[in-house]
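Colleague: Dock chain to chain to rebuild the complex, using the hints, since each chain is given by itself in its own frame.
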Amino acid sequence: MRKRLWNNNWLIGLLLAALVVLPFVSNSKFLLSMLISVFIMAVYGMSYDLLLGYTGIVSFGHAIFFGAGAYSVGILLTRMEDPSLLWAALLIAVVIAALVGLVIGLLSLRVKDVYFSMITLAFAELFFIFAEKFSDFTGGTDGITYIRVPAFFNDRLNFYFAALAFLVLIYLFLRRVVNSPLGRTLQAIRENEQRVESLGYNVLAYKLVSIILSGVVAALAGGMWAVLQKYVNTSVLGLDQTINALLMTIIGGVGTLLGAVLGAGVITFAQEWLSSIFDRWFMIFGVLYIVIVMFFPRGIIGTIRDQLQSGKRGAGRDGASQDQRGQSVL
Amino acid sequence: MSLTLNLLLNGVALGALIFLIAVGLSLIFGLMGVMNFAHGAIFIWGAYVGWAVFGATGSFWLGALAGTVAGLIIGFLMERFFIRPFYSNHIGQILLTLGLMIVLIEALKLLFGPNILGFDKPESLTGVITVLDDPFPIYRLFLIGIGLLVLLCTHYLLTRTKTGMIIRAGVQDPEMVQALGINVRRVFSWVFAAGAALAAFGGVMSGPSFGSIHPELGMLNQLNAFIVIVIGGIGNHVGAALGALLVGIMQTFMGYYVPDVALAVNVALMALVLIVRPQGIFGARR
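Going line by line, the protein sequences match chains P and Y. Using the working numbering, the letters of the first sequence correspond one by one to residues 10 to 339. Using the working numbering, the letters of the second sequence correspond one by one to residues 161 to 446.
Be careful, since some hints might not be right.
[To be verified] Covered, in the sense of this in silico footprint (three residues per stretch, anywhere, with C-beta under 8 Å from a C-beta of chain P), are these stretches of chain Y:
id, segment
1, 245–254
2, 314–323
3, 385–393
4, 425–439
[Said to hold, decoys possible] Some chain Y residues flagged as far from chain P (calculated, every beta-carbon gap over 10 Å):
id, residue
5, Asn170
6, Thr217
7, Leu237
8, Phe242
9, Lys281
10, Leu311
11, Val331
12, Ser372
13, Leu405
If you are wondering where the hints come from, they were derived from the structure by calculation, not from laboratory data. Each residue gets a CB set at the ideal place from its N, CA and C atoms; glycine is no exception.
Just chain Y, same shape as in the assembly (with noise of 0.2 Å):
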């Protein structure tokens, strides 16, 4: 396997692991509206909760379903008791996610220590696979898998739903969805959950990928999955997709060749995007 195609395939690996991540923020910043700054938390969460069931009980699918439940949880109770009163007021969404972003991450702190966790590869998914005769890493191949699938299923559930009809049409007039007898409000409440569990899922996801985690990373991926959707197009899954695999492409090839620079080149991308097509690159006007 030629460099070129190692470097592309590890992209892909890293855009499937920056889409888990960006998928929900998409869900509930690009279809409701809601700005969620505590994504990040929620997401770093969820790693933590896996961590420590997969700990706890040698399994990793046990881990990542108890991250995701955990992310379920918060996500619910927090859209509950603090984003409700904030729905149509974006300043106070930001202010107020902010600080639930602070003390998610300090209770983190609380529980787990400020320090840096080793977080091992499932047994079954450690080691390589030959790729057109070179070494590839299977968990790398499983990332790209999971991020298909959960393309995939939000794809579907999004426009062959009819639960997906409601959100869209939710999003386009509540009013009326609501004047047809469909509480809106509940349904938003579990598309913030969903997209929450969605974050803590990549969280138990992206541990084994990096290896470790600590508290900071969330805050890092929230950014990163933020440029994804600003770059692809807000509310758009597919377009959040594509701009998850772009990036992550770009900073695998950035990161092997200038790698002084590869983290810069994410905003530069943005920043670009921002210039020519502020609107994202898949994007509806706005």
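Here chain P stands alone, though its shape is the one from the complex (with noise of 0.2 Å):
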């Protein structure tokens, strides 16, 4: 139904095709890199979406996923010391975060909303402090340092047209996802978890498979991530890490998947702008996510949406059930 209203694949087409011709137009180095750095952050606020928009889910401990697959791509490229085995080094990340993704979910789905967040934060802390305390395996606080990657990525362009692909390949992956009788049931878990459960849904496996697949894909994201920046340290598995993916979703819009996309873009750029203006940046990012919390809690993706659907149809009675899908959202 929305597809119909509001088809945006045209929009999406002429920004990829936009983002193609880019590094042919510009050769600032500087652009190119901070727009590699947006494409892997962007995978890792869609798989944030995935729980957060899809499901309905409140994670704190997002960063352990990222950081797993930061920390995988690290310790296997410095260890094996052949950095074309990066495809085992992302492929044992995946393994990893699925199975993290499964003891971490069967633990904390125990208890729901706000406990789950809770516990889910904590899980992250005890990943914070393993990366630390055990140094022989992580490097501990200074972490992994100059990480071999393959030759393939050291040059700029090549590595930008890959991020591209990489993000449009989990782009349509997970909209596959979101659209598939699996995502439509996350959705209804999202709306309403209990009438979903007495329909005879398992939702504990439901909200498990969306634990694990956002999981793996923020492991890819963050082994990416290994790979761009060369050296990994245990700021990948911060809170810090979390609060990121947060803001990226909830700023760009929840439950839109481009949002996360379209947040990463605004806070990866706005950090830089800002931070060299202002010490405490990240308190401008504080205010604006609180304004949207409280004002557009659809984020900047999903009130254009609106606004579009609203203007060419009037505040009919789609416009009164998207209202009211916002609001059970946030």
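Modeller: Structure follows, in structure tokens:
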């Protein structure tokens, strides 16, 4: 229904075309590097959106998966001394993320809402401590430096297109997921968990799948991040890393996937710009975030979509149900 | 005094400190069902305001008062302008209060700087006292006393007074209490503010105990406080006290014998409680 109301495929296509052409018209190394970070962070943000926007659960432990991916790649590439084994490292990262997601999900999903959030936060803290303590393995607070990456990624242009392709593939994959019966069930759980349960669905299993899927995607993003930065330290596991995902998704628009991409762009560029003029730039994000949570719970993309829809069709029944949806998400 | 007893006493003191932070959270979260993710931020605001007033006036007690009042004001404003539209919306509460946490912590760094500040003990509570032939810091003993006092006051207020009755009834059935002519909203506003004030008070008390304060302490202690109320049973202040005691003692012993995993013990304990008894050790089934 929503697709027919406002099809944004052409807009995505246009944006994508612009991004493909961009490296050939601009030779700003700075811009390319920034965009590579945006693409990777956007994947991380989208993975969080699957949890927050589509399943309606607030995890404060998402950094665990990002960090697991980053550390897997960092540790394996350093130990194996053969950078071309990146694919194997990413595969291992995926397996680890899936296992961690399963265990954490099983433990935390015994409780709901706030309890879930706090418990995932506690687990994140646990992983953070482990990363600091097992310094033989993780390099402690210094982290792992000088990760040797495949030669392919040393070329900025190559990396740019690889990251862009990574973003597009994951976007298509996640869009397929959210529009599949699985994704529909997740959205139904977000709307009314009890009803879904009384219809005979195993809510716990669905939530677990959601956690594992989003964890795996976040781990991939973390792995790519390690390749980009060429070092990994405990900051990839910190609360700030989770808050980043939260900010990207909320500011861009929850439950839209694209919102996370936009959010990643806004945050990466705004951060670069704000940090040069104001020391406590993070406060501005905090304020913006509060304003959005309070007054525009559907984020930038969601709000624009609502506006376009109500402009086309007036405040009809669809508009009303959209409003309700927005409120039940937040 | 044997080592075990010494560790035990230290553990009790740490437990009292954690309880001071947790009791406010237990009030707001356990009774009202509002998740205040900015609880740790209010806690550390209390510590900083207390530090500033203590430094300016030289009186620790004035500092404690100022910190507590600061917490009361922050809590009151927060409830009035931010939390109110989100009472029935749990996810909204989490997201909103997380934003408030960010802003409060950043504002703190803006005002006082992000660095570590030394927090001295007040003159009258410095030094050691002899317990069973061994020295024990007076301040820790003082913390145990304060923790007990707060527990008794909270318990008395909630179970033996009319206000406490209204609060408990308001939690059970707000509409009925409203129908009886009591302004439940206003009562809840004050419970929220009181919870925030308790957090800030805990912040001031913890300052001299840690010896120094920095903004990141807020989140760390909030996590501890949450772990404690999950272990103790949500909405049960006595449970929170026992949970705090358990965590405090365990952390002290582990810190002495196996320091590497001391910090992880809390989380492991909480995971265990959640597996075996999700409602908390002393909690009723929810």
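Colleague: Does each hint fit the structure? Answer for all of them.
Modeller: These are the hints, each one checked on the structure:
1. 245–254: With 7 residues close enough to chain P, the hint holds.
2. 314–323: Not satisfied, violated; 0 residues make the cut.
3. 385–393: That given contact holds, which follows from 3 residues of the segment 385–393 of chain Y lying within Cβ reach (below 8 Å) of chain P.
4. 425–439: holds (count 8)
5. Asn170: holds (21 Å)
6. Thr217: holds (28 Å)
7. Leu237: At roughly 13 Å from the nearest Cβ of chain P, Y:Leu237 sits farther out than 10 Å, so the non-interface label holds.
8. Phe242: Violated, because the least Cβ-Cβ distance between Y:Phe242 and chain P comes to about 7 Å, which does not exceed 10 Å.
9. Lys281: Non-interface label on Y:Lys281 holds, nearest chain P Cβ at 29 Å vs cutoff 10 Å.
10. Leu311: Non-interface label on Y:Leu311 holds, nearest chain P Cβ at 23 Å vs cutoff 10 Å.
11. Val331: Holds: least Cβ distance 16 Å, greater than 10 Å.
12. Ser372: holds (19 Å)
13. Leu405: Given that every Cβ of chain P is farther than 10 Å from that of Y:Leu405, nearest at about 19 Å, it holds.
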